[in-house]
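These protein sequences, in sequence, are chains V and S.
143 is the number that full-length UniProt numbering gives to position 143 of the first sequence; each next residue is one higher, with no gaps.
260 is the number that full-length UniProt numbering gives to position 260 of the second sequence; each next residue is one higher, with no gaps.
A couple of the hints might just be wrong.
Unchecked claim - If the Cβ cut is set under 10 Å, some of the chain V residues that face chain S in the computed set are: (1) 204; (2) 249; (3) 419.
Unchecked claim - Counterexamples of contact, computed for chain V against chain S with all Cβ distances above 12 Å: (4) 16; (5) 270; (6) 327; (7) 337; (8) 371.
To be verified - Here are the computed distance ranges between Cβ atoms for each label pair: (9) S/455 / V/439: 13 to 23 Å; (10) V/436 / S/369: 54 to 64 Å; (11) S/448 / V/4: 41 to 51 Å; (12) V/131 / S/292: 17 to 27 Å; (13) S/222 / V/320: 29 to 39 Å; (14) V/260 / S/441: 33 to 43 Å; (15) S/223 / V/309: 28 to 38 Å; (16) S/12 / V/439: 30 to 40 Å; (17) V/299 / S/306: 49 to 59 Å; (18) V/290 / S/318: 24 to 34 Å; (19) S/126 / V/69: 49 to 59 Å; (20) V/439 / S/2: 26 to 36 Å; (21) V/276 / S/142: 39 to 49 Å.
Simulated from the structure, these hints should not be mistaken for lab results.
We put the CB at the ideal spot given by N, CA and C, even for glycine.
There are 2 protein chains.
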Amino acid sequence: MTYKKIDERDLAFLRSVCGEDKVFFGEEEINDDFSHDELGGVHQYPEVLVEVIETSQVSQIMKYAFNNNIPVTPRGQGTGLVGASVAIYGGIMINMSKMNRILELDEDNLTLTVEPGVLLMEISKFVEEHDLFYPPDPGEKSATIAGNINTNAGGMRAVKYGVTRDYVRGLEVVLPNGDILQLGGKIVKNSSGYSIKDLIVGSEGTLGIVTKAILKLLPLPKKTISLLIPFPNLEMAIETVPIIIKAKIIPTAIEYIVKDVILVSEEFLGKKFPDHSADAYLLLTFDGNSTEEIERLYDKVARICLDQEALDVLISNTQERQDSIWKARGAFLEAIKASTTEMDECDVVVPRNKIAEFVKFGDRLQTECHIRIRGFGHAGDGNLHMYILRDELNQAEWEEKLEEVFRHLYQRAKELGGKVSGEHGIGFAKKLYLQESDGEVNTLLMQSIKRAFDPMNILNPGKIC
Amino acid sequence: MTYKKIDERDLAFLRSVCGEDKVFFGEEEINDDFSHDELGGVHQYPEVLVEVIETSQVSQIMKYAFNNNIPVTPRGQGTGLVGASVAIYGGIMINMSKMNRILELDEDNLTLTVEPGVLLMEISKFVEEHDLFYPPDPGEKSATIAGNINTNAGGMRAVKYGVTRDYVRGLEVVLPNGDILQLGGKIVKNSSGYSIKDLIVGSEGTLGIVTKAILKLLPLPKKTISLLIPFPNLEMAIETVPIIIKAKIIPTAIEYIVKDVILVSEEFLGKKFPDHSADAYLLLTFDGNSTEEIERLYDKVARICLDQEALDVLISNTQERQDSIWKARGAFLEAIKASTTEMDECDVVVPRNKIAEFVKFGDRLQTECHIRIRGFGHAGDGNLHMYILRDELNQAEWEEKLEEVFRHLYQRAKELGGKVSGEHGIGFAKKLYLQESDGEVNTLLMQSIKRAFDPMNILNPGKIC
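Work out the full structure, taking the sequences as your base and the hints as a guide.
Below, the structure written as structure tokens:
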């Protein structure tokens with residue numbers, strides 16, 4: 001793909017739209033952060049970085065870029081892990097993170113209207129102050145809501161509450177040609193034509209730029225309790241999960257944790273984890289409106305786990321104890337990252353009764369491929385985060401090994417009825433694996449859809465398909 | 001649009017694929033039912049009707065139709081209300097209703113895999129026998145699951161449980177060119193490329209033909225209780241709904257009912273409704289796993305309603321009493337239909353705090369336009385079903401009035417932040433109103449999406465956009 005390079009005329013236009021001090025040109029002016037995302041495997045500076053504060057600016061920029069064949073990459077907090085927000089063809093990067101106002105809480109309709117740059121943690125805090133609840137709970141709380149929408153982020157509570165898609169009622173989107181689209185609204189049902197809103201969710205900024213979102217809220221559950229359940233080994237822990245589900249109990253979250261990861265997390269946080277007795281743990285959360293209601297649920301689960309030879313059941317019913325566990329859980333990614341020189345991630349999702357099999361496969365791969373793999377995951381929803389660690393490998397060895405390990409992992413996931421990404425997306429880094437997993441018919445159709453939205457291929461090109 | 005007409009060669013091909021006795025040609029052989037849907041305003045026979053029992057047949061037919069420029073209309077039980085399953089350009093109609101096997105209940109993953117022609121009532125019955133729950137609950141229980149998926153049907157329980165989209169985990173779809181696509185799976189999360197699955201949901205058979213679906217199930221709530229709450233008038237009843245929501249209580253269902261409709265339903269069913277004391281009612285359902293849990297909720301709601309001057313609160317805690325109410329509720333559509341010569345429907349959805357305003361607007365319209373409008377609706381989710389009754393109008397008057405009333409209703413819905421259809425879809429009958437409501441940008445984009453899937457425009461042409 002060849003695009004027009006940014007010149008003085010383009011800069012003058014961008015300055016006229018965004019203001020003199022909101023346009024940054026070249027590597028001297030652009031902060032290094034904007035050349036990569038959280039994982040860092042994909043590196044490229046945009047030619048020009050601009051900061052916007054309103055939809056009309058985004059629309060004007062897209063219209064200009066469309067008419068002048070300039071690639072545009074929308075950018076939030078850059079917390080992604082697959083290079084989706086890296087400007088791999090240069091061009092214009094639009095920093096959306098200053099469009100960060102909470103616009104309206106509507107308690108009659110239980111909706112929150114926000115700009116795209118509001119952070120996930122700001123949303124949780126704001127709604128909880130009003131006794132309301134935004135359920136999606138990805139580990140990375142400093143991501144923007146538009147980032148969450150663009151990857152259809154899931155997080156810990158997906159077992160009971162579903163994923164970001166389930167909480168997006170309406171969107172305002174700027175299309176690649178600059179047109180502004182209003183999708184959905186404060187309405188609960190909608191069967192009025194194709195659900196373009198649902199196509200935008202998870203499209204990683206390749207079909208349109210989200211400039212406003214109407215989110216669905218729930219009443220805040222009055223009570224939350226976590227159980228930390230040590231098991232003799234990971235296999236026994238994970239194999240208990242389908243038994244819980246089969247018993248017709250849906251906890252809010254079911255995470256699995258292994259000792260290795262606890263140890264790096266303790267070192268990273270400088271804080272002890274509440275238990276060291278076992279090689280593997282299930283971490284479960286229950287929420288509800290009364291203690292009895294929750295107790296009934298977790299009693300049943302505790303009994304199931306003990307029947308499956310769990311070593312103990314540790315109940316965290318104070319905020320403090322829960323915080324100490326969940327804080328450690330929240331630091332896993334950073335801790336693993338800090339324990340090696342570089343890493344890349346496999347974010348597969350498999351049916352939840354196939355997790356044990358997949359984790360065992362990952363273990364075997366470590367030995368066979370002579371590389372460290374560390375992981376944790378959402379045992380309740382089948383979404384695993386496996387980190388392949390570079391340690392002391394040189395660049396060539398690393399690239400070769402990484403590709404080999406990825407191919408094995410994604411191939412196995414496919415055999416088990418799984419998919420390449422549960423919540424982190426495809427972006428640039430996982431494009432080939434998606435094509436291999438989904439096959440040609442699906443890839444061609446995705447390309448046709450992309451062309452329908454973006455015939456010039458200027459919006460976040462080179463991503464997904 | 002000009003399409004190739006069906007000839008002997010086409011019939012020979014269809015017979016070779018489907019079997020001699022599964023191909024019906026011309027108006028003599030094709031049952032009249034297949035020339036219209038439930039509402040009957042749109043009439044057209046397909047040239048040929050075929051019955052299929054497996055995906056490969058659908059794929060072969062589509063490939064043939066694609067290569068020969070023949071329009072194809074997929075058809076379930078024909079319970080739609082907007083002409084989406086009427087073959088307005090003739091061609092081939094594929095009757096999917098014999099692909100009606102329940103393929104697999106997976107209790108580890110809480111999924112049910114079904115063929116497209118399984119009826120909604122068959123699904124409910126089957127899963128409830130296994131102590132499981134498929135929450136979507138549209139009034140028309142004899143619709144096929146693929147029909148429900150294609151309209152993103154909502155139903156009564158959408159307030160608490162969401163709509164069909166929220167329960168579709170995976171789909172097998174035959175594309176207009178005959179290619180077979182597997183979308184999603186038994187997985188809980190997915191962020192692997194564009195969510196084509198979510199685009200198919202609600203696309204009314206215009207983008208692909210659903211040949212298999214993997215549905216998400218929940219544990220069956222152990223207890224259900226309904227409250228019938230009479231109010232002095234409809235306005236007072238409906239205005240209570242946002243107050244309930246604001247109190248952070250989410251019932252399973254909140255329906256509103258007016259006396260007029262109760263009377264026609266009694267006449268139609270030959271059965272008395274449990275109460276006649278009031279002009280308007282709210283009908284609420286609560287479900288949960290224990291009586292106390294539900295009581296806590298409905299106590300609070302009962303108090304709110306009495307504060308809002310409800311006349312009484314009638315509790316139906318036996319199956320029998322609940323059946324008598326919900327049976328009447330389920331017969332409203334048929335009863336209204338039987339009370340007039342012909343009718344058409346407005347299925348708008350508005351934010352739930354705008355329902356009262358919209359219902360009042362409908363009332364004024366009856367007087368202003370001199371036409372009877374009867375309705376009921378899902379007060380909890382803002383989705384109203386308003387039926388415009390022809391009574392004694394002649395054809396020309398009827399068409400003119402209908403268009404006038406529709407324009408007013410959809411215009412008002414738009415002003416209130418609503419949409420043309422909450423759950424019945426656009427099909428053929430509501431196409432122009434969707435365009436007027438959504439505007440040109442949206443319409444053009446939908447047309448581009450349609451072209452991306454169906455460049456020859458052979459799959460269910462003339463619908464939606």
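Quick one: which hint numbers does this structure break? Sort them smallest to largest.
Hints 11, 14, 17 and 21 not satisfied by this model.
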